[in-house]
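Novice: If you use the working numbering, the sequence shown corresponds to residues 2 to 191, in order.
Simulated from the structure, these hints should not be mistaken for laboratory data.
Incorrect hints may appear among the rest.
Claimed, not checked - In the BS3-like style, the derived pairs of lysine-lysine whose C-alpha atoms are separated by at most 30 Å in a straight line are:
| no. | residue 1 | residue 2 |
| --- | --- | --- |
| 1 | K104 | K56 |
| 2 | K55 | K104 |
| 3 | K48 | K104 |
To be verified - What follows is a set of in silico ranges between Cβ atoms, one per label pair, in the way DEER data are often shown:
| no. | residue 1 | residue 2 | range |
| --- | --- | --- | --- |
| 4 | A89 | D112 | 19 to 29 Å |
| 5 | E103 | C132 | 12 to 22 Å |
| 6 | N51 | Y30 | 43 to 53 Å |
| 7 | G99 | K32 | 31 to 41 Å |
| 8 | Y73 | E95 | 16 to 26 Å |
| 9 | I88 | D145 | 18 to 28 Å |
| 10 | H166 | A33 | 22 to 32 Å |
| 11 | G31 | E103 | 15 to 25 Å |
| 12 | R96 | G31 | 18 to 28 Å |
We treat Cβ as the ideally placed atom computed from N, Cα and C, and that holds for glycine.
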Amino acid sequence: MILTIKPTNQHGLVTVATTVPDWSDANTYGKARYIETLLIADIGVSKRFNRDMKKLRRAVVTLMQALNLYLYQLDIRLIVVDVVEMIAHNVTLERFAGYKREKFHEFPAHDLAILISSTYEGGIAYVNGICGRSAVGIIGFFADAPMEYASIFFHELAHLLGLSHDAKNDCSCRQTSLDSDEGCLKIEYV
């Protein structure tokens with residue numbers, strides 16, 4: 002079962018001002034969901050690895066291993082179809098979406114494209130963009146500790162899957178027993 006979010010404003014989009022969808026009944030019924038992901042490194046990231054794509058790919062594997070600690074709990078798997086270089090820096094999300102559309106035929110088939118940026122310290126993505134032309138995001142990248150951006154990658158992926166920020170903080174987990182956190186996403190802080 003794949004849940005679809007119904008449009009909640011006059012433009013048919015889930016936005017920061019709308020309510021966060023209730024995912025408490027979401028269930029993948031034990032079946033993992035796969036998202037084919039193209040990772041594109043800006044020139045700053047590439048230069049940090051002396052434009053050695055083998056070294057860059059090793060760093061990306063470290064990032065993906067840390068990211069999967071979050072995703073496995075939700076039965077979501079990201080498959081990296083390729084890691085490529087983009088000869089640009091300081092790229093906006095809109096410009097990156099245009100670049101992806103322009104170059105789409107040159108890339109391997111993918112559901113999502115993420116720009117790994119040397120100049121962006123956070124992340125940005127379109128809310129509910131995964132199923133359309135807006136299936137793009139940008140995350141920062143710290144070459145000396147790539148796993149540090151796993152939580153930001155996860156955060157932006159959640160936006161792409163339809164979750165927005167919620168001003169309320171009244172979430173609670175349904176516990177199946179007193180010593181169980183079943184039903185809760187466990188995010189460990191290091």
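Novice: Hint by hint, say whether it matches the structure.
Specialist: Structure-based check of each hint:
1. K104 - K56: Given that 30 Å is the threshold and the Cα spacing comes to 24 Å, the pair holds.
2. K55 - K104: Cα-Cα ~22 Å, so holds.
3. K48 - K104: holds, 22 Å
4. A89 - D112: 19 to 29 Å: holds, 23 Å
5. E103 - C132: 12 to 22 Å: holds, 20 Å
6. N51 - Y30: 43 to 53 Å: holds, 46 Å
7. G99 - K32: 31 to 41 Å: holds, 34 Å
8. Y73 - E95: 16 to 26 Å: 32 Å Cβ-Cβ, so the 16 to 26 Å window is violated.
9. I88 - D145: 18 to 28 Å: holds, 23 Å
10. H166 - A33: 22 to 32 Å: Taking Cβ atoms as reference, H166 and A33 lie about 27 Å apart, which means the hint holds.
11. G31 - E103: 15 to 25 Å: Because 39 Å falls outside the window, the suggested range is violated.
12. R96 - G31: 18 to 28 Å: violated, 40 Å
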